[in-house]
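Using the sequences provided together with the hints, build the complete structure.
Chains as they are written, first to last, in numbering that gives the first Met the number 0: chain A, 0 to 387; chain B, 0 to 61.
One or more of the hints may lead you astray.
Using 25 angstroms as the maximum straight-line C-alpha spacing, the simulated BS3-like pairs for lysine-lysine come out as follows [claimed, not checked]:
| id | chain 1 | residue 1 | chain 2 | residue 2 |
| --- | --- | --- | --- | --- |
| 1 | A | LYS363 | A | LYS340 |
| 2 | B | LYS33 | A | LYS318 |
| 3 | A | LYS299 | A | LYS217 |
| 4 | A | LYS51 | A | LYS186 |
| 5 | B | LYS28 | A | LYS327 |
| 6 | A | LYS39 | A | LYS52 |
| 7 | A | LYS284 | A | LYS92 |
| 8 | A | LYS39 | A | LYS61 |
| 9 | A | LYS284 | A | LYS340 |
| 10 | B | LYS33 | A | LYS303 |
| 11 | A | LYS71 | A | LYS39 |
| 12 | A | LYS92 | A | LYS51 |
| 13 | A | LYS303 | B | LYS38 |
| 14 | A | LYS71 | A | LYS46 |
| 15 | A | LYS323 | B | LYS38 |
| 16 | A | LYS51 | A | LYS11 |
| 17 | A | LYS39 | A | LYS106 |
| 18 | A | LYS61 | A | LYS92 |
| 19 | A | LYS57 | A | LYS39 |
| 20 | B | LYS38 | A | LYS106 |
| 21 | A | LYS284 | A | LYS217 |
| 22 | B | LYS33 | A | LYS323 |
| 23 | A | LYS323 | B | LYS28 |
| 24 | A | LYS106 | A | LYS71 |
| 25 | A | LYS71 | A | LYS61 |
| 26 | A | LYS217 | A | LYS92 |
| 27 | A | LYS57 | A | LYS71 |
| 28 | B | LYS38 | A | LYS299 |
| 29 | A | LYS318 | B | LYS38 |
| 30 | A | LYS11 | A | LYS47 |
Hints listed in this document are in silico derivations from the structure and should not be mistaken for laboratory results.
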Amino acid sequence: MEQLAYICFMQKHVLPLSAVTAAIADAIDVYFDRQVLTVKGEITDVKKYPQKKWCFLKLLEKQGDAIQTELKAVFWSTGYGSIARFEQQTGRKFADGLEVICDVMVKYHPRFGLSLEILDIDTAHTIGNLELERQRTIERLIAGSSFVSARDGELVTFNQSLQLPSVIKSIAVIAPPDSDGLRDFIKEITQNSYGYAFRLEIMETQVQGDAAAAQLLKAIRAIADRPGRYDALAIVRGGGSNTDFKPFDHYDVCEAIAACPVPVFTGIGHDRNTSIADMMGRQLKTPTKVANYFVEHNMKFEDKVEQLYQRLLLAVHRKISGLKEQLKYIDRTLEQLHPQKVLNKGYALIRQEGEIVEDISALKIHDTIDIQTRQHMIKAIIKNIETL
Amino acid sequence: MTEQFEFDDAYQELLRLVNEIESDNVALKDMARKIAEAKVLVQQCEQQLRTAGDAVERQEEQ
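Dropping the structure here:
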């Protein structure tokens, strides 16, 4: 470097640009000696090229809102995998505005200039930050919203206290347009094996990116304004590599769910992480599970109706059985009282002119009577009547 | 806008019929009619659960 300056000074010689960039490259090599450094910064201008496994971005250091330092950074294929790992572990999209700690090497290219090659991202730091941010939002909801409270360490919301109708027929669905989650939900609910029919009103919103929270909020409020129209609200998403849950931790979105007069079910497709939105309603993890829940809910009602009908048939059956028993008893009693039964025991019936004689005083000496025994009919003339 | 079938009302009516029959307050001559009423309610529930959404479009609450 000193040698280059000396030549310039002595000979007033115009140098090729490459001599300067080569000198810069040498200086950087000497200073940093290909060391891996750990740096902290906010990421911005993230541009991913998944096919090539490259990602270009900028790292910023801010004081308040003012940018103090800015450096270009890049993931080449060797470090690119750490982005997916980061998104999976943190549940957040690697996108503008995130503060990250990462391992880097300082690189200089004569054409593209100074940059940091990112080799790995410290997910623990981001998870810690996100968790802190989430915790603050939860505390704010408990303290600032009349629809959210904490009971025995659990969040309790107005929405969770809402009773579901016996049958769910009309469902508002908030989902990203043309998403796997929405397709799964519709397929599951419209092709259910019981043949139940539902009235679906789908409101398409973005669920990631800057506009997502505002769109979600607008849709939830539109549903809340017409509570009599819906039995339930399903918020679904999922599928693919979508891992940005930031809108579902947004204070206003979460409070709108907590305050919504229509029971909210979330199936936002993440098995490990629970967003704050999940805690405000009823969390069912995936769109398919939400659809199945509604189908099973209606199946339980149909079962109850069927059980009631069976109870009715059983009551009728018992009643008829009881009446049959009564008839049998009467039949048996009548049988016991039949005159033939009496005759079988050795008694006899006295008839006069075909009529059973019930009053002996009506008979006189020399009257002709018929005496009926078990097997015989005897014609007789009365010789004498004695009172015993 | 069609009138919405009320599942809860149907269920309550069915329950009332069951309780009536179980309590032995139904004369034998009325039994067949009560069973038929219950059967209709069950069939209505089954049918309405499977009726397309448009038919259950509900009155919006003001």
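So, against the hints stated earlier in the document, which numbers end up violated here?
As far as the earlier hints go, 1, 3, 4, 9, 16, 20 and 30 are violated by this structure, in ascending order.
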